[in-house]
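With the hints as your guide, set chain B onto chain A.
These protein sequence lines map, in sequence, to chains A and B. Taking my numbering, I'd label the letters of the first sequence as residues 1 to 355. Taking my numbering, I'd label the letters of the second sequence as residues 1 to 478.
Hints in this document: simulated from the structure, not taken from any laboratory. These figures come from a predicted structure and were not determined experimentally.
A few chain A residues facing chain B, derived, Cβ under 10 Å:
1) ARG37
2) MET38
3) LEU41
4) VAL42
5) ALA46
6) SER210
7) VAL212
8) ARG216
9) THR217
10) ARG220
11) LEU223
12) TYR224
If the Cβ cut is set under 7 Å, some of the chain A residues that face chain B in the computed set are:
13) VAL45
14) THR49
15) GLU53
16) TYR213
17) ILE219
From chain B, some residues computed to sit far from chain A (all C-beta separations above 10 Å):
18) PHE11
19) LYS71
20) ILE77
21) PRO105
22) LEU171
23) ALA193
24) THR198
25) VAL334
Ideal Cβ placement from N, Cα and C applies to all residues, glycine included.
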Amino acid sequence: MTEQQLKRTPRLGAASHDAVRNGLGRSASASRTAVMRMTALVVAVALLTFLLENVLVGALLPNLPRLTSDFSATYLRREMRRLAAAPPRTLFFGDSVLWGYRIAPSQTAVAVLRAEGCACENLSLKSGSPPNYDAMIRIALGSGVRPREAVIEINQKAFNAADPGFVKLHPALAQLGVPYFTAAERRELGLEPGTDAYPPAWTRALDRLSLVYAMRTDIRGALYGDVDAAPPTPITADMLEGTYDLSPLSEANAGIRYLSRAVDALRAHGIPVVAFLTPTNHRLLHDYIDVPAYRANGAYLRRLLERHGARVLDLDARFAAGEFIDEAHLTPAGQRHLARLLEPLVLGPWKRDAR
Amino acid sequence: MTVPSYIFLGFAAAVALAINVSSKAGWRRGVLFVANIAFFATFVRRPLEIVPFGALLAFGYAAMRLVQARKDRALFIVFVVAVAVAFCWLKRYSFVPAELFLPFPYVAVGMSYVFFRIVHLIVDAYQGTLTERLDPLTYVNYTLNFTCLVAGPIQFYGDYRRSEREDPPPLTGAAAVNGAIRMITGMFKVALASPALTALQTIAVTALAAPQDPPARAWWAALATAAFLVGLYLNFSGYTDFVIGTAVFLRIALPENFNQPFLSESFIDFWNRWHITLSTWVKTYIYSPVFLAMMRRVPAPRYQPLLGVAAYFVAFFFVGVWHGQTSEFVMLGVMLGVGVSANKLFQIEMTKRLGRARYRALCAQPLWRATSRALTFSWFAVAALFFWSTWSQLGRFGALLGPTGLAAYAVVLLAGSAVVLSAYAAFDRAIVGLRLDGTPFVLSPYYRAVCYTALAVVVFSFTVILNAPAAHVVYKAF
Chain A
1 MTEQQLKRTP RLGAASHDAV RNGLGRSASA SRTAVMRMTA LVVAVALLTF LLENVLVGAL
61 LPNLPRLTSD FSATYLRREM RRLAAAPPRT LFFGDSVLWG YRIAPSQTAV AVLRAEGCAC
121 ENLSLKSGSP PNYDAMIRIA LGSGVRPREA VIEINQKAFN AADPGFVKLH PALAQLGVPY
181 FTAAERRELG LEPGTDAYPP AWTRALDRLS LVYAMRTDIR GALYGDVDAA PPTPITADML
241 EGTYDLSPLS EANAGIRYLS RAVDALRAHG IPVVAFLTPT NHRLLHDYID VPAYRANGAY
301 LRRLLERHGA RVLDLDARFA AGEFIDEAHL TPAGQRHLAR LLEPLVLGPW KRDAR
Chain B
1 MTVPSYIFLG FAAAVALAIN VSSKAGWRRG VLFVANIAFF ATFVRRPLEI VPFGALLAFG
61 YAAMRLVQAR KDRALFIVFV VAVAVAFCWL KRYSFVPAEL FLPFPYVAVG MSYVFFRIVH
121 LIVDAYQGTL TERLDPLTYV NYTLNFTCLV AGPIQFYGDY RRSEREDPPP LTGAAAVNGA
181 IRMITGMFKV ALASPALTAL QTIAVTALAA PQDPPARAWW AALATAAFLV GLYLNFSGYT
241 DFVIGTAVFL RIALPENFNQ PFLSESFIDF WNRWHITLST WVKTYIYSPV FLAMMRRVPA
301 PRYQPLLGVA AYFVAFFFVG VWHGQTSEFV MLGVMLGVGV SANKLFQIEM TKRLGRARYR
361 ALCAQPLWRA TSRALTFSWF AVAALFFWST WSQLGRFGAL LGPTGLAAYA VVLLAGSAVV
421 LSAYAAFDRA IVGLRLDGTP FVLSPYYRAV CYTALAVVVF SFTVILNAPA AHVVYKAF
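If we strip away everything but chain A, and leave its shape as in the complex, we get (with noise of 0.2 Å):
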């Protein structure tokens, strides 16, 4: 029979049906039997697939190369569950330069150091600034996560109250991070209930009746990628003015607060910390960084660091402007430089633990 007979021919369908539906032949109780069996196969058909295709992304979705812009709650917290099983020996917080913006995750300098070796793992985000630092790293110490020490990198532009990120969490995190922060924090952050960062009730009950509908976006990213779809369009400075902040940076700045707060709570922990002040192109910001007030705030971050026990490598001006894509983000050769320099203050004592 070929599919045109099979699709003309409903009639032994219609027929088998339609005995069904209007029980030809049998009495009214045994045709509303058959119509709720067919209903009851139905359901139960619909429950099961559902079901099947929990347990399949369950199965199927370990984990990503790196997080994905719009990560989930559940993805995250399955993250943490599978870091605090397997502790890495490094831990990578950063911003769009470390989670690699515009380049492939292979690309990265956390990837260029995974291939040499290093039980390293990348938990930077697209948009990183202090406070979603302070999030991710108090989930993951929540979690049980304890890596052997943490990579912090610190940019100045996100202590600027103008960049998205300075009191903005990641959906993500906001709704993992809410009782890490006091009712103060709460509010800077806009974690409050009724605000756009804190998931309604229901869409934190649909998350758990279904991981396909709780990790939609990571499916999305594992089936379409994250990669940046449109040409970077060329950067001019004047497009980047207002960027960078130059007041003087001081403990008032919520940024600080939190970044301190972190590096704290890694303290606290016994977790060493190493903080590298990011990659900047200074040919194309050289008006508006090169400037004292920008060095000034350059050498408060590195203070504050050490003073909170962390070891700082200041990279802020190591990079030609041949090895940025754009204003701030690097070039896989970059990521390659990075990863070099990088590699004696995180690889040193694994090489020679491995010795």
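Just chain B, lined up with the frame of chain A:
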């Protein structure tokens, strides 16, 4: 509005509700008219954009009515040529000087399919097959039928008329279930299966360009060639399934467009199973007139088979050229024309040599059937290279493979398709042969409930929860 999409589904549901309020023909026609105009309007951003399409429609209507009234051969020819020229001009065919093109954007969605319907009406009006005097409302409803405007199927007016007012198919519970099944199948094919094949094709093309051993190159080239064709089938047949299913709820019976084309055992048979409505139109309005015209000029019966071969070439050359506006599509036309006419010649020659009975017996041999399927598939897949590649890409393809690689590519494509299609045919036979209480298992309501419920959940999860991009239908470009 994208078809298939959930927005379209909502729109069609609203139309279905409205149309089934009353069974009066006038009500049905009125609701369909409003729906057709509303659907068409979703493609229009500025009123000016509608003018060229509207002018083509109006001209087609006037031509049909005039030809019907006068039955004048010269007038008929002038109008058919004028409609064809207007179509080529509006579709911006590359042989039309670019300076002549309209200097503003306009709606061209479904114009090819509307063109086929207009020509069909004019020809039938001239031949007297169209006895009825179409009023503008019926004309608009037929030509702009929203269920098949975007990419067909191309429905003949008589069939449409029966659905619209004479004998609309009843919307029973069974019909609704069948309609829903077609829609689910269609969405699955377009939204999930076809993109998967496209992804496979992309992987193969990328691998082909990377440094490879010659045998690996041949394998990737064959995979890319086959993946495109299967993906295209899933895309187009999925769209057709979806619109046929949608039309069920409007009590409109749309014609089938596909019938397991990859099981065809000859290129001629292939065109009875692939884009059936287009090939039927082409056979009716190109093949038959060309064949008759040639027979009138060369009436000797011994040349008749050869004239048939030539007419086949012309008809399927047109099919290829219709697909696009560039020279690659001329080559596609040549490939399709050569495929069909060579197949016809071969059939004539074999029948002459072996006799009808022995040739038929040969065609029934399993090995012959597998080889024929593979040849048919491979020829069309290679012809389709001109559909999705430019000359420079094809040049690079040839350069990457080299003469030995091209030979290996042909062997891999033929052998691979022979094995895969034979397995598919065996699987199909086994599935269709399965019976439950004397009924084919695939038609059992329980099997259908299980299979299509699961499919519906998967399609729903994929498209809604994962926010999958709107499914792209390749043939809407034509």
